[in-house]
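Based on the hints, put chain B in the right spot on chain A.
Protein chains: 2
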Amino acid sequence: MALLVQKYGGTSVGTTERIKAIADKVKRFKERGDDIVVVVSAMSGETNRLIGLSKDIMEEPTPREMDVLVSTGEQVTIALLSMALNHAGCDAVSYTGAQVRITTNTAHTKARIVSIDEHNMRSDLDAGRVIVVAGFQGVDETGNITTLGRGGSDTTAVALAAALKADECQIYTDVDGVYTTDPRVVDNARRMEKITFEEMIEMASLGSKVLQIRAVEFAGKYAVPLRVLSSFTEGPGTLITIEDDGSMEQPAVSGIAFNRDEAKLTLVGVPDIPGVASKILRPISDENIEVDMIVQNVGLDKKTDFTFTVHRNDFKRAKSVLDEVCINLQAETSAGDNDIAKVSIVGVGMRSHAGVATKMFEVLSEEGINIQMISTSEIKISVVIDEKYLELAVRTLHSAFDLDDTKTVEES
Amino acid sequence: MALLVQKYGGTSVGTTERIKAIADKVKRFKERGDDIVVVVSAMSGETNRLIGLSKDIMEEPTPREMDVLVSTGEQVTIALLSMALNHAGCDAVSYTGAQVRITTNTAHTKARIVSIDEHNMRSDLDAGRVIVVAGFQGVDETGNITTLGRGGSDTTAVALAAALKADECQIYTDVDGVYTTDPRVVDNARRMEKITFEEMIEMASLGSKVLQIRAVEFAGKYAVPLRVLSSFTEGPGTLITIEDDGSMEQPAVSGIAFNRDEAKLTLVGVPDIPGVASKILRPISDENIEVDMIVQNVGLDKKTDFTFTVHRNDFKRAKSVLDEVCINLQAETSAGDNDIAKVSIVGVGMRSHAGVATKMFEVLSEEGINIQMISTSEIKISVVIDEKYLELAVRTLHSAFDLDDTKTVEES
Chain A
6 MALLVQKYGG
16 TSVGTTERIK
26 AIADKVKRFK
36 ERGDDIVVVV
46 SAMSGETNRL
56 IGLSKDIMEE
66 PTPREMDVLV
76 STGEQVTIAL
86 LSMALNHAGC
96 DAVSYTGAQV
106 RITTNTAHTK
116 ARIVSIDEHN
126 MRSDLDAGRV
136 IVVAGFQGVD
146 ETGNITTLGR
156 GGSDTTAVAL
166 AAALKADECQ
176 IYTDVDGVYT
186 TDPRVVDNAR
196 RMEKITFEEM
206 IEMASLGSKV
216 LQIRAVEFAG
226 KYAVPLRVLS
236 SFTEGPGTLI
246 TIEDDGSMEQ
256 PAVSGIAFNR
266 DEAKLTLVGV
276 PDIPGVASKI
286 LRPISDENIE
296 VDMIVQNVGL
306 DKKTDFTFTV
316 HRNDFKRAKS
326 VLDEVCINLQ
336 AETSAGDNDI
346 AKVSIVGVGM
356 RSHAGVATKM
366 FEVLSEEGIN
376 IQMISTSEIK
386 ISVVIDEKYL
396 ELAVRTLHSA
406 FDLDDTKTVE
416 ES
Chain B
6 MALLVQKYGG
16 TSVGTTERIK
26 AIADKVKRFK
36 ERGDDIVVVV
46 SAMSGETNRL
56 IGLSKDIMEE
66 PTPREMDVLV
76 STGEQVTIAL
86 LSMALNHAGC
96 DAVSYTGAQV
106 RITTNTAHTK
116 ARIVSIDEHN
126 MRSDLDAGRV
136 IVVAGFQGVD
146 ETGNITTLGR
156 GGSDTTAVAL
166 AAALKADECQ
176 IYTDVDGVYT
186 TDPRVVDNAR
196 RMEKITFEEM
206 IEMASLGSKV
216 LQIRAVEFAG
226 KYAVPLRVLS
236 SFTEGPGTLI
246 TIEDDGSMEQ
256 PAVSGIAFNR
266 DEAKLTLVGV
276 PDIPGVASKI
286 LRPISDENIE
296 VDMIVQNVGL
306 DKKTDFTFTV
316 HRNDFKRAKS
326 VLDEVCINLQ
336 AETSAGDNDI
346 AKVSIVGVGM
356 RSHAGVATKM
366 FEVLSEEGIN
376 IQMISTSEIK
386 ISVVIDEKYL
396 ELAVRTLHSA
406 FDLDDTKTVE
416 ES
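Protein chains in written order, with our numbering: chain A, 6 to 417; chain B, 6 to 417.
Treat the hints with care, as some may be off.
In the DSSO-like style, the derived pairs of lysine-lysine whose C-alpha atoms are separated by at most 27 Å in a straight line are [to be verified]:
(1) K308(A) with K324(A)
(2) K60(B) with K32(A)
(3) K284(A) with K308(A)
(4) K284(A) with K30(A)
(5) K35(A) with K170(B)
(6) K60(A) with K25(B)
(7) K30(A) with K60(B)
(8) K199(B) with K170(B)
(9) K60(B) with K60(A)
Source of the hints: derived by calculation from the structure; they are not laboratory data.
This is chain A alone, in the form it adopts within the complex (with noise of 0.2 Å):
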């Protein structure tokens, strides 16, 4: 018998049949013997709408009452839940984040957690109810309402999986697991049976967005076993869990993540002078834009090129941020690119596999891809490329790091 926290999103969630196949799933789980807490998201749409009446009173909504309006979409979803479990003939609760008591700090819209109490969902899991908990939300010292931010809920049920020692969190989703790469780009794409906290950290951030990066990062901090399965569909899914160093050989790279959702800027002929990094990056961040990578070299004659990466949202206001910049630092000219991607390779084997980089740098070449930036961790190797590269980059490099699915190879 194995406690069990489960999180199901909008989408497994998105109308009252769906609802309905979700207790029907949740209740064959418990007939298994387990014990169960169900965490679930407002219904696909329903946050938006709520959002959209807010922007109807004003432009930028007081963020305490954004709170009070959006936690509401979770509280329909637990209600229906729990009707329907019930409806099936299996006990269940729903908990709003207030009654089980998720006590996070003040910073209402993105609210950090600080405590679970335990102490009600125990005693209704030892009556053999299922709890189903409001994703997403919980209360300030106070009492006032607040969230943890969008996708909030895949931490909101890591953070109970901790708070009772669950045996495993699963995030059931509408992919049936962590894949080697998109398999929209890569037809072979490979789903990995297991994955490190580290390695999923990398390819969330970098555009894997099946997890919350912060969720990971909270079961990884607490030694959660993370599980990410389909809603729809039966299979193992992907076990996110710590290094098991003991083993099998740990492959070189395990997956490889890209995205296009970058620009790149570079300010050319830079007087190279102690605080000139900050001196480009303050007005950039005084912005409130968000950098990625940063590359920075250092040339002979004293004077440097400073390249970095912004959401190609923020493309144009960084510009001409850096365009001032460009006169007050008087460096030579500024120059931006939208036309870029940025792809990776990610794996901890790569720790104890020399060349890793040396490899991907080869395969690029021979298939005659540019590479305008480089940026390395100790588990991930990123280049930016012309974006036209990028399917060509991916399926080049998903094969020769040995990634592809041999049996669908041999199907197709």
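Just chain B, lined up with the frame of chain A:
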């Protein structure tokens, strides 16, 4: 400077445009120097939408979860109205029933208020904030969300006014006050400036559905001055208050109520033995059918005719129960009539004016209207007549008891 509790119903907050209009209205009161507590219902249509979702899940939804579900309706409104007030430059803060701590018993979907903690509200009022409270909801002792049943927002408003010792509880609705009778039936029905709690209770229960009767009883019990006004137009509305014996002479009749929702059932020729009334009514109430008027006359032959009225929706069921009772009690026959209407004259002034009943019967008789049943209380006389004479009866009585709006008469 007064402390006002203002309640706005679902139609008044039915769209974001209307919510903004209410915010402007509240702001004007606030600027006049009053302290304001606003109680709101769910946006019109929202409660029915939520009930619809629950019906998709199961025919008779779990009451506890029903309350979790429908209470989100008011929560959406408090957030939006607070935003709108803030946007209008008026400091405001929203409260769910749980956040006020409106404690109720655990009778889900029809809970009764047990106590209200005014401590938190008081400190926000002292800080100059408008308080926006979700009507219709509370929590039981252990924190389960409860609702007060339909129309419970009026009760919330009155209870808050009592707890806070407010100067007035103002119920904003889509009519501009309480009328001497339904203006759709009598053109020159007149808005009353004042009406006593007792009269209002008789008027409300008889079909002048401006206010929830429970709220009026509550207000009477705690002597909370209650005012009914229009959300959409300016005007003093109608003040509902305790009887003011010291002031001017009361008119004999304050208003005329009526309804056509009832049906009449008669058991003819019942042996007149002790306990016969309960033998007739027990099987009816066992079927959860509510009985309104009851009239019994003893004849000379030791037999009696027993007549009562029920809601028209219950007529068929009641008739078939009565047919059985007829056999069991060895009565002569049972009869029923759907085409009836009840007309009542109401007024605390009746107590001191003799002959009001006589005048009523004379007036009806002059118009050739036959009276089928009569029932009287301290401040009310009700008659059942053939439904087709309803409008004629109401108009004639309205005029005969000097209720016509003479100004309107002159104009027309």
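Here is how each hint holds up against the structure:
no.	hint	result
1	K308(A) with K324(A)	holds, 21 Å
2	K60(B) with K32(A)	holds, 20 Å
3	K284(A) with K308(A)	holds, 15 Å
4	K284(A) with K30(A)	violated, 56 Å
5	K35(A) with K170(B)	violated, 51 Å
6	K60(A) with K25(B)	holds, 12 Å
7	K30(A) with K60(B)	holds, 20 Å
8	K199(B) with K170(B)	holds, 21 Å
9	K60(B) with K60(A)	violated, 30 Å
Checked against the numbered hints given earlier, the structure breaks hints 4, 5, 9 and satisfies all the rest.
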